[in-house]
Amino acid sequence: MEAGFFDKVFDVVRQIPHGRISTYGTIAKHIGSPKAARMVGWALNKSSTEKEFVPAHRVVNRKGLLTGKRHFANQNTMREMLESEGVIIIEDQIQNFEELLWYPSLN
DNA sequence: TTAGTGACTGTAG
DNA sequence: GCTACAGCCACTA
0 MEAGFFDKVF
10 DVVRQIPHGR
20 ISTYGTIAKH
30 IGSPKAARMV
40 GWALNKSSTE
50 KEFVPAHRVV
60 NRKGLLTGKR
70 HFANQNTMRE
80 MLESEGVIII
90 EDQIQNFEEL
100 LWYPSLN
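Residue numbers are given in numbering that gives the first Met the number 0: position 46 of the first sequence equals residue 45, and the series is strictly consecutive.
Among the clues, some could well be false.
Pairs of lysine to aspartate or glutamate, EDC-like flavour, derived with a Cα cap of 20 Å [what the hints assert, rightly or not]:
hint, residue 1, residue 2
1, Lys50, Asp6
2, Lys68, Glu79
3, Lys34, Asp10
4, Lys7, Glu49
5, Lys50, Asp10
6, Lys34, Asp6
7, Lys62, Glu97
8, Lys68, Glu82
9, Lys68, Glu49
10, Lys62, Glu90
11, Lys62, Glu79
12, Lys62, Asp91
13, Lys68, Glu90
14, Lys45, Asp10
15, Lys28, Glu97
16, Lys68, Asp91
17, Lys28, Asp10
18, Lys68, Glu84
19, Lys28, Asp6
20, Lys45, Asp6
21, Lys7, Glu51
22, Lys62, Glu82
23, Lys62, Glu98
Hints listed in this document are in silico derivations from the structure and should not be mistaken for laboratory results.
Build out the structure end to end from the sequences listed, making use of the hints.
Structure representation (structure tokens):
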């Protein structure tokens with residue numbers, strides 16, 4: 000079995016530390032396809048079917064905007080989960096976004 | 001099988 | 001700074 004694009008995405012996303020965030024492009028680039036950022040979002044959408052929890056709420060677009068919140072059960076879920084981790088969000092926009100941004104490290 | 005769609009990003013004007 | 005377009009891969013109908 001080879002890890003597909005989705006599996007790689009899940010693996011990277013699960014490495015995001017508590018209270019930190021990352022972006023679709025950063026993850027896609029880490030996997031090897033910077034232009035396939037869309038697929039990262041697609042994978043996260045499917046992540047709800049994964050047995051192991053995937054912190055999809057820690058992944059936002061490059062502006063620090065919660066563009067994926069509408070894919071959660073409730074549109075407040077994503078913000079609430081992030082806030083519970085200490086992330087400050089105002090109108091779907093992550094504050095101190097650049098400081099919280101986490102870059103995947105090569106294992 | 002083909003066509004359409006999607007939680008995005010980088011480049012160009 | 002903004003808008004417009006192309007590229008990327010997988011899934012569904």
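For this session: Would you list, in rising numerical order, the hints stated earlier that this structure does not obey?
Result: Per hint list: zero violations.
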